[in-house]
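Following the hints, position chain B against chain A.
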Amino acid sequence: MTETAMWGMEGARLLYEHRGERARELAKQGREVIGYFCAYTPVEFLTALDLVPYRIHGGVGRPLEKVDEYLETIVCPYVRSAFDMALRGEYNFLSGVVIPHTCDAMHRLYDIWMYYIKPGYGHSITVPHMTHKASFEYFRNELATFRRSLERYAGRPIDNGRLREAIREHNRCRRLVRELYDLRKSQPPALSGTEAMWVLLNGTTIPVGEYNDLLESVIEEVRRRKPEPDDKPRLMFVGSEVDDASVIHHIEDCEANVVMDDLCTGSRHFWVDVDETKEPVEALAERYLGGRTCPCTYRSGIASERFGYLGEYARDWDIDGVLVYAIRFCDTYQLDAPEIQDYMQELKLPVLYLEDDYVKPALGQWRTRVEAFLETIEARKE
Amino acid sequence: MTQQTGEKTSSRKFTESAGKIRTVVKRMYKQAQQAKEENRPIAYCMVMCNYEEILAAMDIVQVYTENYAGLCAVKRQAAVYMDKARAEGYSELLCGYAQVGIGFDAMRYELGEMPPDAPDGGMPEPDMLLGCSMGCDPRWKWYQALGRYKNTPIYNMDLLMPQSDANIDEIEEYSVRYMAEELRGLIAFLEEQTGGKMDYDRLMAIVRQVEETRWWWREAYELRKAIPCPMTTQDHFVLFVPHHMMLTDEFTLEFYKGLYDELKERVDNGIGAIDDEKYRLLWGVGIPPWHSMYILDYFLNFGAVFAAETAYMVPEPYDIPDRVDDPVEMIARRMFVRNSSLQRRGRAAGNVPALAMAHLERIEDFSLDGVVMHVTRSCRASTMGQIMVRNVIRDRYPNMPVMFLESDIVDVDTFSDTEAKNRIDTFMEMVEARKGSTK
Chain A
1 MTETAMWGME
11 GARLLYEHRG
21 ERARELAKQG
31 REVIGYFCAY
41 TPVEFLTALD
51 LVPYRIHGGV
61 GRPLEKVDEY
71 LETIVCPYVR
81 SAFDMALRGE
91 YNFLSGVVIP
101 HTCDAMHRLY
111 DIWMYYIKPG
121 YGHSITVPHM
131 THKASFEYFR
141 NELATFRRSL
151 ERYAGRPIDN
161 GRLREAIREH
171 NRCRRLVREL
181 YDLRKSQPPA
191 LSGTEAMWVL
201 LNGTTIPVGE
211 YNDLLESVIE
221 EVRRRKPEPD
231 DKPRLMFVGS
241 EVDDASVIHH
251 IEDCEANVVM
261 DDLCTGSRHF
271 WVDVDETKEP
281 VEALAERYLG
291 GRTCPCTYRS
301 GIASERFGYL
311 GEYARDWDID
321 GVLVYAIRFC
331 DTYQLDAPEI
341 QDYMQELKLP
351 VLYLEDDYVK
361 PALGQWRTRV
371 EAFLETIEAR
381 KE
Chain B
1 MTQQTGEKTS
11 SRKFTESAGK
21 IRTVVKRMYK
31 QAQQAKEENR
41 PIAYCMVMCN
51 YEEILAAMDI
61 VQVYTENYAG
71 LCAVKRQAAV
81 YMDKARAEGY
91 SELLCGYAQV
101 GIGFDAMRYE
111 LGEMPPDAPD
121 GGMPEPDMLL
131 GCSMGCDPRW
141 KWYQALGRYK
151 NTPIYNMDLL
161 MPQSDANIDE
171 IEEYSVRYMA
181 EELRGLIAFL
191 EEQTGGKMDY
201 DRLMAIVRQV
211 EETRWWWREA
221 YELRKAIPCP
231 MTTQDHFVLF
241 VPHHMMLTDE
251 FTLEFYKGLY
261 DELKERVDNG
271 IGAIDDEKYR
281 LLWGVGIPPW
291 HSMYILDYFL
301 NFGAVFAAET
311 AYMVPEPYDI
321 PDRVDDPVEM
331 IARRMFVRNS
341 SLQRRGRAAG
351 NVPALAMAHL
361 ERIEDFSLDG
371 VVMHVTRSCR
381 ASTMGQIMVR
391 NVIRDRYPNM
401 PVMFLESDIV
411 DVDTFSDTEA
421 KNRIDTFMEM
431 VEARKGSTK
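Protein sequences, first through last, are from chains A and B.
Numbering-wise, the working numbering puts 42 at position 42 of the first sequence, and it's gapless, one number per residue.
Numbering-wise, the working numbering puts 109 at position 109 of the second sequence, and it's gapless, one number per residue.
Only chain A is shown next, with the shape it has when bound in the complex (with noise of 0.2 Å):
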């Protein structure tokens, strides 16, 4: 897998159909992972410390074995599937878990991951659901908490020079996935929604150097792409937590270009950098908290102040139609999901609600509902 310094977009598939390896390599050699759930939490700690951060997944369309007899059935089933794999074994080459408090789910899980699994390390960041003044001074305690909580585990305290150096490096990282995404606003994109799936799901797995390389190897090789041309519909999938590419890849599939996303691994993930010259501390707090657009942060305002950066990428990336994505189970973004359908059509812009069991997705139901779906943007662009 080392060997994958190949990488360019061949590379990165095979670095995501065999997604853990590279960090279990790096475990093998000596480096410790830390396994961790959320965009909200602050990688950037971690690779300050020469620690690599791991986002842990669940597997779509993979059976359940043993959660069942430790989880409730009435869950997140992301968080039950990604549950699963660790009471498998599957994560035992991660050192610890940083679990934030962001949704229910992630809050109780804490305490159960911890009871079974065990960790080496393990800690839990508050993340306010407000952003009112004082909660951006709470969350930057608190993220000075998880700095200290991390030293005392490492046994070595975190330079601030070498911190400020690993935001640079996660803005690097950022500033690449944006280019990247620059790439899928031409008709036809230059790359696919799957394809893009198939990146930004490595980048949370491997440490963020190799993770750059990836990147510029993948753009430069698709900004040599020359695409046939196409007119199939240009979509925007707006959801949670999406980590298999076969979720998109069964939309494209149905004749159409996913070239825009609102994810929690995707866009929301990489969207906004820190800002390098203040104190990175308060740097963290303020875009971790400030810059994050996932229904677990309570922003005021009506549905065109809140969501009205769905209509920007919509014009920007212009969109044909949105799939807006829930997992089932999870409150936050059922709330959230009906408004979001409204401003959308507000926009005059064709909506699809697609609810999820995430282990066992209805892709056969899906598929019947997305063709529909086209044929309705078809027929509007006629």
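Hints are computed from structural coordinates only; laboratory data are not their basis.
Ideal Cβ placement from N, Cα and C applies to all residues, glycine included.
Take these hints with a grain of salt, some might be off.
[What the hints assert, rightly or not] Within a straight-line C-alpha distance of at most 25 Å, the following computed BS3-like cross-link-like pairs (lysine-lysine) qualify:
| id | chain 1 | residue 1 | chain 2 | residue 2 |
| --- | --- | --- | --- | --- |
| 1 | B | 30 | B | 225 |
| 2 | B | 8 | B | 30 |
| 3 | B | 257 | B | 26 |
| 4 | B | 36 | B | 150 |
| 5 | B | 197 | A | 133 |
| 6 | B | 197 | A | 348 |
[As the list claims (entries may be wrong)] Which residues of chain A face chain B? A partial, calculated answer using Cβ under 7 Å:
| id | residue |
| --- | --- |
| 7 | 61 |
| 8 | 130 |
| 9 | 134 |
| 10 | 136 |
Just chain B now, kept in the frame of chain A:
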């Protein structure tokens, strides 16, 4: 089971105090409706947000929306509102309380008037919506969804629940500071909405009265350690109402004093909820099935009483420090101390998760023989972690019977009378066997 109105869904009550609650609830909604007619400011609220004293000091009339959903379930009138919410695009898996509340307001918006036959006359139209983050996500998300039906100002605030293994001393000061700022933000919001000014002396006096009220409720609750137990959870699940929804009323203080006197007399005279108490149970984490509370009476057939709960718990003791003269800081500090006390004790007990710690303490303190938890389909926050709690209990008490009752907080269609009774039969056999073997 289909949802029908008019069926008896409630459970037996064993105290005179509990018998008064239905009248109290009716009066509470009537007073809120009257306040609306008098143009007094009305707020939609969530229980246990620690803003009750502040609202009372600003003369805001409090209407508790979660509990209105519970009332609709008790009266088997929740389905019509849930159906409306689903028709509005909300998932059938969304929090049941939120489904009922959103459906109710969507219906009122559509009709332009109070939905017909709304239980107890319905919730009056609010002038403000006040959410908070403690407990679960819908408690700060639900009111924003109401923006589709009303343009009512919202103030949401964070209340912190530290993780089980948090270093409490390390996070205490900045956590208290944050919550105090959130409360100050609320006061500024209320002043802006009402044009009034907070009277901090009045607020402090209300805070002191509330702590006295809680002292009496706690003292009354402690009397349930007696064998036989003077009242059961059937009573508890209505007796919490004055505390949770009328906390600052003089009536509430007198109510819990009365409850204490009533239970004390029963304990002094050896009077139990039932004549032949054989088994003492814990109602563990999980909001009860409001639509079918009668099922709790089925345990009585076995001589089993619920002597304690970990749902709608009495707040932990808190001594008001002499030197604190800022009531806002005091409320924030009190909140933090209470929200972190189980964490502190859990860590001291060998890193027992806070949720499980509450159960272990009750089992020990109330001499319990078994635990029942309610798996509620639409309430993840009160359900997730139940299996872990059972396992922690069994780490400490290897043969302790633990039962999971499955349905929902409001949706009666999730409930099967036959299945529930079959499970209870099996569970009680285990309780009997364990008790027999430990005699």
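Structure-based check of all given hints:
1. B:30 / B:225: Violated - the C-alpha atoms of residue 225 (chain B) and residue 30 (chain B) are around 36 Å apart, more than 25 Å.
2. B:8 / B:30: The given pair, whose Cα atoms are some 23 Å apart, holds under the 25 Å limit.
3. B:257 / B:26: holds, 22 Å
4. B:36 / B:150: holds, 16 Å
5. B:197 / A:133: holds, 22 Å
6. B:197 / A:348: Answer violated: residue 197 (chain B) to residue 348 (chain A) is near 46 Å, above 25 Å.
7. 61: violated, 20 Å
8. 130: Hint on residue 130 (chain A): holds, closest Cβ of chain B at ~5 Å, below 7 Å.
9. 134: Holds, about 4 Å.
10. 136: violated, 10 Å
In the structure shown, a violation is registered for the earlier hints numbered 1, 6, 7, 10, in ascending order.
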